[in-house]
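Please put together the full structure from these sequences, using the hints given.
So the sequences go chain by chain: F and E.
Each number in the numbering used here comes from the position in the first sequence (counting from 1) with 613 added on.
Each number in the numbering used here comes from the position in the second sequence (counting from 1) with 301 added on.
Treat the hints as calculated values from the structure; they're not laboratory data.
For each residue, glycine too, the CB sits at the ideal point set by N, CA and C.
Where hints are given, some of them may not hold.
[What the hints assert, rightly or not] Among chain E residues calculated to face chain F with C-beta under 10 Å, some are:
| id | residue |
| --- | --- |
| 1 | 313 |
| 2 | 327 |
| 3 | 475 |
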Amino acid sequence: MNLLAEPVGVAHYMVIGAIMFVTGAVCMATKRNALGVLMGIELVLNGANVNFVALGSEYLRPAQDGLGLDGQLIALFVIVLAAAEAAVALAITLNFYNNHMTVDVDQADELKG
Amino acid sequence: MAPINWHTFYFLLFALTAGVFAVAVAVTSNVVRMAFYLVLCLSATAGLFFLAGADFVGAMQIMIYVGGTLVLLIFGVMLTAQGPFISMKTRSGEWVLGLLAGGSLLAILISAAVGVRAWRPVELEEHSPQARVTASRLGMGLLGARVDQLDQSDKTLRAGMSGYLFPFEIISVHLLVVLIGAAYLARPKKRMRPGEETQA
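Here you go:
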């Protein structure tokens, strides 16, 4: 079977979206640097975006049962929300760094009972 | 030998780049390298968007995400990457737990993606050769007019296709509020004047 001659479907895009989602989730769970956690969130959002765009694409499945333009519009909203979230998270991280002189999320345990 | 399907070729190129650098972001413990790998991964994702026919979303991915959000992140890295914070090792027990949970999640997601019949590759009839630019249709959709759904004959379906003007307004105000809040949060601390009492 020639790999390069086979057509690509939505499932292929979903597999790469799943890989990005899972690596982002692992990144969020294991990183100790607050900025590393933030990068994990970006990966998760992009994995979701790949799925939205793939489901809306008319090149991958017949146009009448795809998401159509809605998938791309939602992907745009996700991109804007990711920008907003990164700005706030970065401000919080810088504030934390100024007050505690560290970016280790394990040190942020002042609210622990 | 069968002729090369160029869609598949470029899909494999971008998908491998995105996947390999996404894994590299999770594996490396150096935060500067993580930022660089993330730039490459998100650029390859933009290539995937172009490949799926979403030209405007791919361009926005490069301009807003890679050009805006990630530059912000890299500034954060530069402001905080000092001495011990450049490379923070994760304990191996946490790696084992994270990989266990991540691996099982990946197995579930991939089996679900491959298992659905409607998502398998289909042989579509030959596309019309002219490029289908999505920018103006997307812009009209954000303004509340779905020019791509004008031929929708079903009345009940058409009622839900009134466009995205309201979410667009909400997200605009949300972005404004969030950026003002971020600028307020990250403001420099007020300097103590010499005579003032220090608060405990």
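Status of each hint after checking the structure:
no.	hint	verdict
1	313	holds (8 Å)
2	327	holds (4 Å)
3	475	holds (6 Å)
Checked against the numbered hints listed earlier, the structure breaks none of them; every hint is satisfied.
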